[in-house]
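Protein chains in written order, with my numbering: chain A, 1 to 518; chain B, 519 to 812.
Keep in mind that a hint or two might mislead.
Residues of chain B placed beyond 10 angstroms of chain A at every Cβ, according to the derived structure [to be verified]: (1) T522; (2) L574; (3) R600; (4) A613; (5) M661; (6) V669; (7) A673; (8) A773; (9) F782; (10) F792.
With beta-carbon atoms standing in for the labels, derived distance ranges [claimed, not checked]: (11) A:N382 <-> B:F646: 32 to 40 angstroms; (12) B:L779 <-> A:R410: 41 to 49 angstroms; (13) B:K783 <-> A:A288: 22 to 30 angstroms; (14) A:A288 <-> B:P601: 42 to 50 angstroms; (15) A:A442 <-> B:P601: 42 to 50 angstroms; (16) A:S499 <-> B:L602: 37 to 45 angstroms; (17) B:K783 <-> A:D329: 54 to 62 angstroms.
Sample of chain B residues at the chain A side, in silico, Cβ under 10 angstroms [stated by the list, open to error]: (18) V682; (19) Q683; (20) R685; (21) D690; (22) A693; (23) A701; (24) R798.
Honestly, the hints are just simulated from the structure, not real lab data. Bear in mind that the values here come from a model prediction, so they are computed numbers and not experimental data. We put the CB at the ideal spot given by N, CA and C, even for glycine.
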Amino acid sequence: MRPTSAIELDRASNGQLEARGVSVRFEGILALDTVDLTLRPGEILGLIGPNGAGKTTLINVITGFQVPDQGRITLDGEDITGLQPFRISRRRLARTFQAVRLFCDLTVLENAELAGVGVGLSRASARERAWEILELLELADLATQRAAELPYGDERRVGIARALTTLPRYLLLDEPAAGMNEKEAAALSRTVRTILQKFSCGIMVIEHNMMLIMELCDRIQVLEHGRAIALGNPAEIARDPAVRRAYLGAEGAIAGGPLSGSSASPPNAQAGKPPILAIDNLAVSYGAVAALRGVSIHVNEGELVSVVGPNGAGKSTLMHAISGTVRPDAGEITFAGQSISTLPTETRVRKGIALVPEGRGVFPALTVAENLLIGAVTRLGNQAAVRIATERVLDFFPILRERQGQPAGRLSGGEQQQLAIARALLSEPRILLLDEPSLGLAVRIIDEVYLILEQLNRDGVSVLVVEQSVMRAFAAAQRTYVLRNGLVELEGRPHDLVSSERFEAAYFGFARQQSPSL
Amino acid sequence: MTLTLQYAVDALNVGGLYAMMALGIGLIFGIMRLINFAHGELVMVGGYAMLLLVQLPGPLVLALSLIVVIVLALGMERLAFRPLREAAPSTLLVASFALSYFLQNFFVLVFGARPVPFAFASELSTNFEIGHIRIVLLQVVSMTLTILALVGLTALLKRTSIGVQLRAASQDFRAAKLCGVRANSVIAFAFAISGSLAWIVSLIYSAQIGQLSPAMGVRPVVIGFVATILGGLGSLVGAVLGGFLVGALSVTLEATLSLQLRPFKEAVLFALVFLVLLLRPQGLIAVRALKERV
Chain A
1 MRPTSAIELD RASNGQLEAR GVSVRFEGIL ALDTVDLTLR PGEILGLIGP
51 NGAGKTTLIN VITGFQVPDQ GRITLDGEDI TGLQPFRISR RRLARTFQAV
101 RLFCDLTVLE NAELAGVGVG LSRASARERA WEILELLELA DLATQRAAEL
151 PYGDERRVGI ARALTTLPRY LLLDEPAAGM NEKEAAALSR TVRTILQKFS
201 CGIMVIEHNM MLIMELCDRI QVLEHGRAIA LGNPAEIARD PAVRRAYLGA
251 EGAIAGGPLS GSSASPPNAQ AGKPPILAID NLAVSYGAVA ALRGVSIHVN
301 EGELVSVVGP NGAGKSTLMH AISGTVRPDA GEITFAGQSI STLPTETRVR
351 KGIALVPEGR GVFPALTVAE NLLIGAVTRL GNQAAVRIAT ERVLDFFPIL
401 RERQGQPAGR LSGGEQQQLA IARALLSEPR ILLLDEPSLG LAVRIIDEVY
451 LILEQLNRDG VSVLVVEQSV MRAFAAAQRT YVLRNGLVEL EGRPHDLVSS
501 ERFEAAYFGF ARQQSPSL
Chain B
519 MTLTLQYAVD ALNVGGLYAM MALGIGLIFG IMRLINFAHG ELVMVGGYAM
569 LLLVQLPGPL VLALSLIVVI VLALGMERLA FRPLREAAPS TLLVASFALS
619 YFLQNFFVLV FGARPVPFAF ASELSTNFEI GHIRIVLLQV VSMTLTILAL
669 VGLTALLKRT SIGVQLRAAS QDFRAAKLCG VRANSVIAFA FAISGSLAWI
719 VSLIYSAQIG QLSPAMGVRP VVIGFVATIL GGLGSLVGAV LGGFLVGALS
769 VTLEATLSLQ LRPFKEAVLF ALVFLVLLLR PQGLIAVRAL KERV
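All chains, please: the whole structure from these sequences, using the hints.
And the structure:
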């Protein structure tokens, strides 16, 4: 072994990074449940799973940002459980963050250099090493630019360069391609391969971009609800029914046969009339990250429409743009024939757009009755009408009647979801928007929530629901859009979509039959 | 025994004042993540308003000075804080400092920096005794006012629609807007209440110290702020608890410290607060919404 440069150190590495039986509990919820994970030098391991699976928590445990309640982390045989993050990075385990977290007033070179100083190098040797890594990642041209001025894709790659200056034997990348377009993602993929070749380190990638994961990884581990449900090569993972279920939900709800009840033909949709909600070419970005890149969808009066897509597709952003809690860069939102793009949120609610936000957004310290009172705030002038509407809602959700005096924070997840829907209904919406109503709920409860939605829809309320749990959203909806990476990939009747090749291609970015071609 | 009772009465008095300061600050923080250091100037302006109006009949003085303070509070929100509503909390904080200094110096310009002797309703300093406890009438009045203010505020927040909206908005402003709660009215309402609390403080405080000065609001605002932190930023119950706790600590120190140490009472007080926060950094009552996800 002849070290030809500062960055080619001991390639011959034995040992591995290991997590054994790791459990983490947040306020009673098991975020990780006895998870095992092994990362060997020289391989790329993908860590995937739907939103809330525990991926970032696992990285946090490994890198010392989160102390596990149970389990051990060993690095080449040495127990590093519970060590301070900096001690772990000095053992040459590096990570990047979901949000990049560059030092924005420093130059690109200084950013990369600092990480070397952080693990104990002299300034000069850190700088030398930083240069080499910037050259390796084709970032040398940007060396003197301030980090704050970088375009988004470069920013993420500098984040990786910074992690590399510590000469990691193990490198953990937390959603490196989040917010990237396909070209940027492809460049990233090349970068990761270069790193593997040059450093022979073990690389673990958390990603929602399935195409990238499938193309890049040697092995993939799948988490769902804090448990490891599958481990294998990309072909095996793409075939695994448990993985499919974790992402898309149980297929039984829709497979074969005509769709339940109202779904086959929208009974309320009135052909020929202008849609109640029309979104035209909507673009939203957060700083340099584009979340929606020109999305056009519409909902007809009386229709139940679902928008499905993987995490990071832009679903919640879409909902917030419609409600006015994020400002679009471009595009037009029309409600009942009127442009509402510039109206504040509360005015949109008063016009008849009610959103049940992701995570439900109930006021935990307020009682159920008080939460409902807030829901009726748009109709304060008319006490009698509010009382009647409240009674009707309580008839619809009998459990809420029993719990009226309790703080909403004490309700179960399913009850909170009912409360959130009930509250939204009290503003007498003409369209009800729901952001991931099934998140964090048991299957039986999810079915209940959707039965409620279908019934509301039959009563004439237009509904737009975004979901990760595709199959459930499909069964209820009359029309579906598939959103991926900020774009509408597909639109159609759920029944037609579910059986089509095009759906999986649109959702995952690859089709089931094509993927195991590695 | 009587001495202990005397201290308890004092502690409640001082604590009540701090509690109202803390509530006024905490209310605004809870709803817009603004720590309003200009809250002290509301107290100050209340005092000067009474001074200027003192020729009028008593009830009119009270009513008009209350209106002045509320209008000032609403003006602060409208002119200084509303344009910054989307800004970072630190920007809001700096803006509140600027406002505070501006008002103080404006009053220096108009009234001079020197303290003006003034006590509204000076007959309040009459003493009387119950058993062996000596009670100043002012203490009775201020305790009554404090209790009325706390009870009234509780009723307002629990019973009225705008009160419930305020509580909802301070738990989750976005969710409140998504229910159709009007941000501007709720925030204006919070500032009006905060102003009213400052006015009560200014009534009691100016009577206690017997003078007015442009900088008179600084001490109460600092102690009120400490009480808010101690109670748990964002929690109204915490603010009240924190206020009474700081009051009790302060009176206990006054009673127990030796004569030589007494000038350092505040140093010891803040050191104790420091200790409490070391043991319980989230304050007495932790507010969940403030936790950040890494």
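Hint check, failures only: Violated: hints 11, 13, 14, 16 and 24.
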